[in-house]
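Colleague: Model the placement of chain X on the given structure of chain A, informed by the hints.
Residue numbers (my numbering), protein chains in the order written: chain A, 1 to 305; chain X, 1 to 305.
Hints are not guaranteed to be accurate.
Any copy, or any two copies together, can satisfy a pair, since identical chains are not distinguished.
Heads up, simulated DSS-like pairs for lysine-lysine below, C-alpha to C-alpha not over 25 Å straight-line [said to hold, decoys possible]:
1. LYS132 x LYS155
2. LYS164 x LYS114
3. LYS5 x LYS267
4. LYS101 x LYS161
5. LYS276 x LYS135
6. LYS239 x LYS86
7. LYS52 x LYS276
8. LYS135 x LYS52
9. LYS101 x LYS164
10. LYS135 x LYS171
11. LYS5 x LYS52
12. LYS248 x LYS155
13. LYS132 x LYS161
14. LYS101 x LYS248
15. LYS132 x LYS261
16. LYS164 x LYS266
17. LYS101 x LYS276
Calculated directly from the structure, the hints in this document are not laboratory data.
2 protein chains.
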Amino acid sequence: MIPFKVTFLGTGAGLPTLQRGVSSLVIQINREYLMIDCGEGTQIQMQRFGIKSGQINYIFISHLHGDHFFGLPGLLFTYHLFSRQKPLHIYGPENLEASLKAVMHVDWSVLSYKIFFHTINTEIPLDLLDEKDFKVSCFPLKHRIPTFGFLVEEKEPPFFKLRKEALNVWKPDVSTIRSLRLGNDFITPNGEVIPNEVFSYPKDPIRSFAYLSDTAYLPELKSVIEGVTVLCHEATYLKGEEENALSKGHSTALQAAELAKASNVKKLLLGHVSPKILDPQTLIENAISTFENTTVVFDGFSLEI
Amino acid sequence: MIPFKVTFLGTGAGLPTLQRGVSSLVIQINREYLMIDCGEGTQIQMQRFGIKSGQINYIFISHLHGDHFFGLPGLLFTYHLFSRQKPLHIYGPENLEASLKAVMHVDWSVLSYKIFFHTINTEIPLDLLDEKDFKVSCFPLKHRIPTFGFLVEEKEPPFFKLRKEALNVWKPDVSTIRSLRLGNDFITPNGEVIPNEVFSYPKDPIRSFAYLSDTAYLPELKSVIEGVTVLCHEATYLKGEEENALSKGHSTALQAAELAKASNVKKLLLGHVSPKILDPQTLIENAISTFENTTVVFDGFSLEI
Chain A
1 MIPFKVTFLG TGAGLPTLQR GVSSLVIQIN REYLMIDCGE GTQIQMQRFG IKSGQINYIF
61 ISHLHGDHFF GLPGLLFTYH LFSRQKPLHI YGPENLEASL KAVMHVDWSV LSYKIFFHTI
121 NTEIPLDLLD EKDFKVSCFP LKHRIPTFGF LVEEKEPPFF KLRKEALNVW KPDVSTIRSL
181 RLGNDFITPN GEVIPNEVFS YPKDPIRSFA YLSDTAYLPE LKSVIEGVTV LCHEATYLKG
241 EEENALSKGH STALQAAELA KASNVKKLLL GHVSPKILDP QTLIENAIST FENTTVVFDG
301 FSLEI
Chain X
1 MIPFKVTFLG TGAGLPTLQR GVSSLVIQIN REYLMIDCGE GTQIQMQRFG IKSGQINYIF
61 ISHLHGDHFF GLPGLLFTYH LFSRQKPLHI YGPENLEASL KAVMHVDWSV LSYKIFFHTI
121 NTEIPLDLLD EKDFKVSCFP LKHRIPTFGF LVEEKEPPFF KLRKEALNVW KPDVSTIRSL
181 RLGNDFITPN GEVIPNEVFS YPKDPIRSFA YLSDTAYLPE LKSVIEGVTV LCHEATYLKG
241 EEENALSKGH STALQAAELA KASNVKKLLL GHVSPKILDP QTLIENAIST FENTTVVFDG
301 FSLEI
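Isolated chain A, as found in the complex (with noise of 0.2 Å):
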């Protein structure tokens, strides 16, 4: 299995506090290293949780309300100070590229390195990338401003791993071990079928990661969501509140983990905490019942997915 792995750097609603910074998280998927949302004080909270800050090409931003994006202008600018010379690829809705420059106040042209501006604009799910083992897309939440979700999924690998014990009793051939490895029988010069599998491991299953910012309620991600592994679905209201999220264009921790359950998630992580909420151990007991492999993140919180 290649590395798959993700750390939450700042995992708090609205205002970055003392216990919470805004949000921003990394992923880590084989060699690249992704970047979702990026809250003022992100460059901070990589520095206090070891993410190498150089090794992010990519960097998504859901929606632009300051908590999940306020700290790009300063980490672009850090990138610049150390000379950074890899390009780095930024999605994001539309405006964001002009509000970055307005606040920066720099030609692009001068920075050190090259920034690739990905406009997201969808209705509907969107590949926005595509490398060899990894894809990762996009679809519509539903905020008060257009906010997008991210999807994360690692790619089946196209070989098989071979069994040298299977390998030293039939000494197939270099073109028939190609031939194996992508998943065919083998066939002994007599014409007896040996089945793949003898040969082959089974492929490991295919893990994915979802992450919902800040959206109401939205059942039909269902279908987008499906069977993930790891969901990360705001919560950043109790139970009870339902009115206030759905009017405030949030969720609380029970929708979340109705949302975990009806889409056959195998672990829900609530996220985008709210200073409000004194004991996040109370939005465990909100989601528990419905789904039971819940997580609250907190700074820091970090898992092999």
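Modeller: This is chain X only, laid out in the frame that chain A set:
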């Protein structure tokens, strides 16, 4: 004496680190709190050092490099989250207002409070704020973009405090007491002149604080900061790096000391400490033989002026 105190929230240059936030300080003068500069993470530093952000009614931004103002959008938004009612006055260079509006994506009129922008655009020292107890002026510095220093000066109190013992002896009437408080002498019924100082305590010396955020060595500032109580001067570079400092629009610790000495200030604070300087004591060593009363500031450093 009224309270007159400075607290440094961020004292690092360029980028925030775990050791130092980026530029920001708060001055308490009597009942007012003034902020100068507001780098990324300033609102967290305020929480960390017990500064109530709601007390601040005036924010001064020295220049539009990110390490001096990227914390402002988040702070302004947090004020709105907390339903701030009091108006806020922001003083800063041209384009500050436009860039904040662009990054915050908000019509100012929807905020819970009113923001008054005061654009600084001057080539000579200029009064910005004239309050009962103090005034604030600005003056141009020499940096890569338009940059301003700030001078906060206590005002001489209009009245002398009177000595009870003398009042008990001479028993002046109410209008004479008013005259004595204004500094006039006392005339006895038979025409004898009793000098005012028999009745009044001497006024405390006027205190002042000058802040030079980012600037190349600028000896002509002597005329502006002559005799200030506390000068905070940037010291981004070490002695011997004068050429490099000049090309970047910065100063060395020695140059800061030279200006402090020439201007007869009482105390020198060295700020804008580069992450490259591992031991801040080196800055002191560079400065102290020229100007003895020198301190290097750190995050949370607080001084009664």
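Colleague: What are the numbers of the hints that this structure violates, sorted from low to high?
Modeller: 2, 4, 5, 6, 9, 10, 12, 15, 16 and 17
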